[in-house]
Amino acid sequence: MDRIVFRRVSKSVNWKKLLITNSSVIALAIIFCWIALVTPGFFTTRNIINVLNQSAALGFMVIGITAVFITGGIDLSIPSVMALSGILAAMAMQNGAGIMMAVLISILVGLFLGLINGYAIGFLRMIPFVVTLSIQIIGMGICVWLTSKVSIPISNGTYLNAFSGKIGIIPVSVIYLAFMTFVATVLAKKSIWGRWLYATGININTATVSGIPTRKVLLGAYAWSGLFAGMASLLITSRLASASSTMGQEGVVLNIVSSAVVGGVSFQGGFGTPMGAVLGTLIITLISNSMNMMQISYYMTLIVKGIVIITFVCLDSIRHRN
Amino acid sequence: MDRIVFRRVSKSVNWKKLLITNSSVIALAIIFCWIALVTPGFFTTRNIINVLNQSAALGFMVIGITAVFITGGIDLSIPSVMALSGILAAMAMQNGAGIMMAVLISILVGLFLGLINGYAIGFLRMIPFVVTLSIQIIGMGICVWLTSKVSIPISNGTYLNAFSGKIGIIPVSVIYLAFMTFVATVLAKKSIWGRWLYATGININTATVSGIPTRKVLLGAYAWSGLFAGMASLLITSRLASASSTMGQEGVVLNIVSSAVVGGVSFQGGFGTPMGAVLGTLIITLISNSMNMMQISYYMTLIVKGIVIITFVCLDSIRHRN
Amino acid sequence: SGEQSESKEDNVIVVGLAWNEKMQSLVQAWEDYMKMYSKEYGEENGVTFKWVVNVSDSDPIQQASNIDDLIALNVDVIVARPHDAAAIGASIRAAHNAGIKFVTFDRSSDGVKPDAHVGADSFNQAVSTAEYFAELLTENGVDGKVIELMGDLRDINAVQRSDGWHSVEDKTDAWETIIQVPTEWNPEKFRSGTANALEAYPEANAMFIASDFAFSAVQSALEAADRYYPVGHPKHVWIATQDVNPQGFDAMKEGYIDVATTYDAYFHAVELVEVVGRLYKGEDLGGEAFLVAGRVATPENVDKLDYMWTKEYAE
Amino acid sequence: MSVPTLRFNEVSKAFPGVKALSNVSFDVCSGEALALIGANGAGKSTLMNILGGNIQPDSGGVLIEGRNVAISSPQDSINNGIGFVHQEIALMLTMTIAENLFINSYQTTSIGLLARNLMEEQCKTVLESLNCHLSPRTQVKHLGSGDQQMVEIARALLMNPRILILDEPTSSLTGKEKSRLFDAVAVLKSKGVAIIYITHFLDEVFPVCDRAVVLRNGEYVGGDTIENLTYTDIVTLMIGESDTDVYYSRDQHSVSESLNLRVKNLSRSGVLKEIQMDLHKGEILGLWGLLGSGRTEFIRSLVGLDPNDTYDVEIREEKRMVPLYKRKASKYFGYITENRREDGMLLPSSILDNMSLANLRSYLSAGPFMNDEKIKVESKKYIKKLDIKISNVDQPAGTLSGGNQQKVIVGKWLQRAPMILLMDEPTRGLDVGAKRDMHQIINDFVQSGSSVLLVTSDIDELMNMSDRIAVIDRGSITGMYPQGVSKEDLMAAASGFAKGDKE
Ligand SMILES: Nc1ncnc2c1ncn2[C@@H]1O[C@H](COP(=O)(O)OP(=O)(O)OP(=O)(O)O)[C@@H](O)[C@H]1O
Ligand SMILES: Nc1ncnc2c1ncn2[C@@H]1O[C@H](COP(=O)(O)OP(=O)(O)OP(=O)(O)O)[C@@H](O)[C@H]1O
Ligand SMILES: [Mg+2]
Ligand SMILES: [Mg+2]
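Chains as they are written, first to last, in my numbering: chain A, 1247 to 1568; chain B, 1247 to 1568; chain C, 248 to 562; chain D, -1 to 501.
One or more hints might be untrue.
Unchecked claim - When the alpha-carbon atoms are kept at most 35 Å apart in a straight line, the in silico DSBU-like pairs for lysine-lysine are as follows:
no., chain 1, residue 1, chain 2, residue 2
1, A, 1436, D, 139
2, D, 279, A, 1435
3, D, 374, A, 1435
4, C, 282, C, 297
5, D, 279, D, 485
6, B, 1436, D, 122
7, D, 17, B, 1462
8, D, 329, A, 1435
9, D, 17, D, 387
To be verified - Residues from chain D that face chain B, not an exhaustive set, calculated with beta carbons under 8 Å:
no., residue
10, 52
11, 73
12, 361
What the hints contain is simulated information worked out from the structure, not anything from laboratory work. Where a beta carbon is used, it is the ideal one built from N, C-alpha and C, also for glycine.
Chain A extracted, bound-state conformation (with noise of 0.2 Å):
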């Protein structure tokens, strides 16, 4: 009598799996026919450009916090850091500093407070949280102290072009998106440190065990969070114009937060892709865009915005019960 190992893998299309492992995917797509159809300003070439557009800070911050999410941590201080690096670089063009000087002075900063942030999470085993929220009060501190009397104007025109520009009609914030997007997925899906980031997402002790450099995992998801936060200053800045402490309040990172989770980013750890979050970067900005080609009031934004995010957690919790 041989051994019956009972096996039924169901090679037709699992229709209802494939509708919640997409579910962003296919609620852009909804909410896009949606507000062009209610909305007939929406679907103009220039708009869609515009919402890109102003997707492509906010983008970068999600892309950043990505890594932190699948290690199962979390970042609060990416805005005052990402306020932190514009103030500096901005500080340092008012001085005459080239835009070399500027970029390099607003990754590295970045760079940094994520390496602290990084080094009490993974080698001292503090919390995420309160570090994060901690470093977040901090800078929010220091920044306020540089630019107590203004806000610092930009006026250095190859910064302003190099970040704010356009090719063709194209933003080049847009393509920077792009281009970082590809980066992280190909990173995350197909280097070792994706693989190490995901593990230790999963099971930090099983990961340790197996021989993973852990503390070291989670001091690079910390510094590439911190690092993206430095690369946003620059879009911000140079959108804006101008720097200032008040990008940086903490009402950022609701948005950073509700895109990542959107985007299909799991706050346990071990789930989500970075493609995945900027989609939902671009679905969070495409509800205040047509909220504001709507002329919805305030309030509703708040109610709508809160309503959506909920909604996605929820096909999240039923994607990962299945």
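Position chains B, C and D with the ligands relative to chain A; hints supplied.
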């Protein structure tokens, strides 16, 4: 031959441990003495009562979130739940409702929103951060909608007296806080719900397998948090003699979370006591009070706050490693 | 009344200043001007001012606590920029119970009356801007289609500015406001609001911006839509705004902004110091409001106006 | 015959890709101990989880005393008088023993507060009845896994269950505890409790149980009273083969003179005391000790997972012994932990991801990028070699049965082929067939010149597999014995009464 179980229970006092587990009480004492020495105006009866009074409302919200933290969750919706309770109660009073009715409305609104959070998290297994964030946003939307432009004055003298009056020189709010701290402590330590709460926080799977109704426990924790947010609104609206949507800004979460964390309530679930949390509230309030008394500049206040929080979390993580 | 926390010297006025937030340069300008003018005033009147400042992160509860702390410090006069017009009443009452004078600054109190109020007249500020704008459009024969960028609807000044604007619109019919965008005073919303509105209403040819502190954001949105041209150019968008902040100063000089009524931080500060001085001397001001009228600024005169905080903080 | 206490009626359950149970029916009577037997993945835990309210059956149901009962939650199960001792220990580590015991049935005083003293007294009584002398106030995390298992059993007993499930209760117990447990089972039987006893140790079945029931691939394949069954009968039913050669006896020994590892001094205050030992090329060194003697701590320290006071270790690099720095330790060691679910696997990840986890660096193709094709090929090789039962390589590892999960972990390390493999209870929970496979795998592994440090609580396995046996007692090595030492000597040495001839 009996089996010898190897155990090293040292009977001598372990000073290090004693020091670490009581860090918040010790810190409170040190901060207190230091401030008293440095700031002449500090150690007056008036100012001490002042500090106690300032911590009362925050203390209620912190007692609320403590239950949620013990389950390993978070409640970001407290500010807008608190604001909404206050606004609805104030509107009722504007339309002639009495104090009983107003209290009932505050408490029920808080409880109801807490139950929504708890249902989504306990029964639909959604993620606390996102659920409560959404409720915060939606709640804020409703608050702005209800009050749209003006904040609602409260002129009901009985109400104002009942929640912000004094007995002798002691503000009633302090008495309420002391009483609720006592109730919460007894429930946490001595009741079956308390044990269930901690068990759920330590390991929800184990708790479920052991027959603990973990879903109801989660529901209860968030309901408790909402309830206390509702009660806090009584103290706040009576103190400000008005209710408005500005009361419910996200910034408040920062103080709630800092207080709990400084009070030794762990984010990872399973640890912390209401008593500790309330001590944490006193510390956080003392910090801003003493900064005001010492006339320290605004940005330094931010930086010091961040550093204090991070220090406490550091202590906390050391404590957990031991 | 109360316990003396510091033994008070004669002729030293301790002023407790409770800001509701300190994210904008304007607040710093006020504070600096107050300190500056109080020296001048003090020398003339034989008094010394001592300032005790705190900030409450846009949180009315924290502001109440901060004012409690000022009361505990037993200052002579409390000056507060209320975050919440009704909630400040409780603090005013508490100060009065402790025998401390109370002045609201910039934003007024809804219920309980302070000893005095010093501020700008937001409604009239908007009205004078709007009236000038009406003339301007009529002169140029423009059929105005206006995008209105509003402030934070929870801020009474923002609401009054909008109301002032619309009262002139109703009276003169010089333009039509085709869309209102609430910005929550958030620069990012100024930018995206402008961009989205231009998208939805390409026919728009004018804007009313509740404040020009975020003008660089509006400017970049206009540039992106290819609508950023100075007056005289066919693609010029007619812009009325308020305040003449550092961010709007140059744009006005160069003719991109057509009119704004100044928000005169310096005169606010002067008025405040004088009010404080009078209260300290025991004068009863009976809750009077000292409103500083703005000056209408246009590309022609903006460079010539005196005491512009904007110029001093534009570095 | 009277109505049976418990009856499974045509129970079926399918998971995606697997039919875990199909139409299983049998009875359990009051006062009997029924052995539930089956190879890894046969469906035993699934069936018990249905009874425990953790899983809902697709069809069929459970009858208790003739009545159909719906069990939709663990609480329902408890209310129906079912006590469950889980295969994986389910305790609140930071709570005390007493709190754990009463976790779902707190005793309260008249005013509704917890009656701590009362509970602690009852707790003591129950533990004493199991011959277990622990203070009710001890935190569970301070107990070894053996004592933890006793606490779990005590918890189940506290509810005076009509039916008691013991899912592999002895897998982490040594001799003494086992006999304590068997005594307890006898007492319960005499009280009329129906006991379902799941085990892979067939030798336990005969003294403890009255009847045996065998599952194979989710189907009921037979059962009878114990008197009518022989060892071979059971194995034949289980495996479904007439060829029931389930013993692997290790005969090739290829221990070389040269060393792979020399531990000169490994200390950690209060836990490990100046541990010294050598590990030769091609050697299997068995590590024997009582529960809580420090075997796990030793291994974790060696791999560098725990802090040490002294870490003085040498490792072979080419032909020489060189000092090993702690942070480099993971380069040379493979570590199979005793807690499979907690820190052995990425449960939601695919089998492929799990199997490649420890060896990712060697699957790099260019720069930091992975060669996924190579991962697939290599992993499939080991899936085949280890005979892991899976439906496809992308299946989440958490859905495998315990035995197959363990094989995935072993496969993960075999791919890496570390110089030294540290195995903590590698055959715990494995069926006889899988155990034989595992033994074969370990043997093959050392043939290639690597070494194994083997911790096992199964003394026969230890004696059969090891080239030498080190005895550890309270954190220090108290004896080193060659192959062929007697059981008695080992037991004595482990309890601190060594008399046998040391090496
Ligand atoms: N949640 C699940 N999802 C998918 N398949 C599952 C799940 N749980 C169990 N299985 C499958 O059901 C079958 C029976 O598993 P079960 O755990 O009941 O075996 P077992 O007899 O207890 O084995 P062991 O002796 O190894 O513990 C296995 O093939 C297993 O892979
Ligand atoms: N976290 C801890 N805190 C306090 N004591 C601990 C802790 N972990 C283990 N111990 C103690 O350390 C000693 C060694 O435990 P270890 O797990 O190494 O034993 P073991 O020989 O592997 O036993 P087992 O067979 O139970 O796994 C035991 O006395 C145990 O109680
Ligand atoms: Mg099993
Ligand atoms: Mg062990």
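Regarding the pair residue 374 (chain D) and residue 1435 (chain A), is the alpha-carbon distance no greater than 35 Å? Given pair residue 374 (chain D), residue 1435 (chain A) holds - Cα atoms ~15 Å apart, limit 35 Å.
For the hint on residue 361 (chain D), just tell me whether its beta-carbon gets within less than 8 Å of chain B. 33 Å, violated
For the pair supplied as a hint, residue 17 (chain D) and residue 387 (chain D), confirm whether the alpha-carbon distance does not exceed 35 Å. 13 Å, holds
Closer than 8 Å between Cβ atoms is the bar; does residue 52 (chain D) clear it against chain B? Give me holds or violated. 7 Å, holds
Restraint status (C-alpha distance of residue 1436 (chain B) to residue 122 (chain D) at most 35 Å): 20 Å, holds
Distance restraint between residue 282 (chain C) and residue 297 (chain C), which requires alpha-carbon spacing of 35 Å or less: 9 Å, holds
Satisfaction of the residue 73 (chain D) interface hint, Cβ to chain B closer than 8 Å: 5 Å, holds
Agreement of residue 279 (chain D) and residue 1435 (chain A) with the hint, judged by alpha carbon distance not exceeding 35 Å: Violated, at roughly 39 Å.
Residue 17 (chain D) paired with residue 1462 (chain B) [C-alpha distance capped at 35 Å]: 33 Å, holds
Quick one, are residue 329 (chain D) and residue 1435 (chain A) close enough, alpha carbons at most 35 Å? OK: residue 329 (chain D) and residue 1435 (chain A) at ~25 Å, within 35 Å.
35 Å Cα cutoff - pair residue 279 (chain D), residue 485 (chain D): 26 Å, holds
Satisfaction of hint between residue 139 (chain D) and residue 1436 (chain A), Cα-Cα up to 35 Å: 40 Å, violated
Hint compliance for this structure: hints 1, 2, 12 are broken, all remaining hints hold.
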